[in-house]
Amino acid sequence: MSDAENMFQPAQTVQKGLMARLRSWFFTGLLVTAPVLLTIYITWLFVDVIDGQVEALMPSWVRDYISVNAPVVGKLPGVGLLIGVVMITVIGAVAAGFLGRWLIGLGERILNRMPVVRSIYGASKQILETVLSTQSDAFREVVLVEYPRKGLWVLGFVTGATKGEVKDSLDQQTVNVFIPTTPNPTSGFLLFCPNSDLVYLKMSVEDAVKLVVSGGIVTPPQPAAGKAKQTGAKRAKSTAKTKTKPKSGAAKKAKAVKS
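Numbering (our numbering) for the sequence shown: 59 to 317.
A few of these clues could be false.
[Stated by the list, open to error] Distance condition first, Cα-Cα at most 20 Å in a straight line; then the derived EDC-like pairs of lysine to aspartate or glutamate: (1) K268 / E199; (2) K260 / E204; (3) K183 / E166; (4) K208 / E166; (5) K260 / E199; (6) K221 / E199; (7) K225 / D255; (8) K221 / D255.
[As the list claims (entries may be wrong)] Pairwise CB distance ranges, derived in the manner of DEER restraints: (9) S254 / E113: 50 to 58 Å; (10) A114 / A78: 17 to 25 Å; (11) S272 / G150: 29 to 37 Å.
If you are wondering where the hints come from, they were derived from the structure by calculation, not from laboratory data. Glycine residues also receive a C-beta, built at the ideal position from the N, C-alpha and C atoms.
Given these sequences and hints, build the entire structure.
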């Protein structure tokens with residue numbers, strides 16, 4: 059190697075090190091700023107759409123009053139969203155009363171007489187009642203299901219116990235498990251699984267959705283040590299034990315009365 063090549067070699071090494079450091083800084087900055095900017099953009103887009111929809115629903119005299127007496131308020135982003143929330147709350151308060159229930163019943167009877175509309179309304183109402191109901195187990199438990207073959211596992215969400223004709227047609231008790239797809243968890247398929255074939259996880263539904271959407275890139279934190287995961291078989295046994303305890307107590311009381 060000539061003296062000239064030896065002279066330029068340290069400069070090339072420094073240049074490569076600088077480029078690697080700049081590249082590392084760029085990707086670090088991208089990882090920091092991209093989620094923030096994306097969140098701001100989606101939030102702004104959502105607020106802008108809601109503002110436009112609510113403004114279109116307002117009577118003309120309300121829009122004129124805001125533009126004349128409070129022009130600054132009318133231009134603030136999020137005012138339409140705030141008005142929409144207030145309107146929904148007022149509708150909920152009215153619906154809780156006798157007159158509101160009567161109007162809702164009348165509206166449902168009218169919708170149920172329309173061939174196509176009644177199917178859309180019925181499905182939408184059932185889904186919303188299932189998701190928003192506080193007494194439902196919909197999307198509250200995350201499970202592992204061995205699918206589509208032995209040795210392969212997928213994440214699923216327990217949406218409730220199997221009922222109706224499906225339950226009567228099966229020889230054992232099963233639960234409804236929704237298997238989401240990646241990266242769009244709103245689509246997927248439904249499985250009717252025996253409880254003993256499920257592995258219940260301690261991660262939250264939110265963490266599970268992040269794991270599905272990211273394709274496994276975003277991994278939820280490890281649960282606290284000493285809390286082992288519970289299989290469906292163990293859960294079924296514990297449920298059976300709790301169900302048999304009141305019976306034994308009742309039997310003891312019956313014996314005491316007889317004596």
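Verification of the hints:
| no. | hint | verdict |
| --- | --- | --- |
| 1 | K268 / E199 | 15 Å, holds |
| 2 | K260 / E204 | 17 Å, holds |
| 3 | K183 / E166 | 11 Å, holds |
| 4 | K208 / E166 | 47 Å, violated |
| 5 | K260 / E199 | 8 Å, holds |
| 6 | K221 / E199 | 18 Å, holds |
| 7 | K225 / D255 | 17 Å, holds |
| 8 | K221 / D255 | 18 Å, holds |
| 9 | S254 / E113: 50 to 58 Å | 55 Å, holds |
| 10 | A114 / A78: 17 to 25 Å | 53 Å, violated |
| 11 | S272 / G150: 29 to 37 Å | 35 Å, holds |
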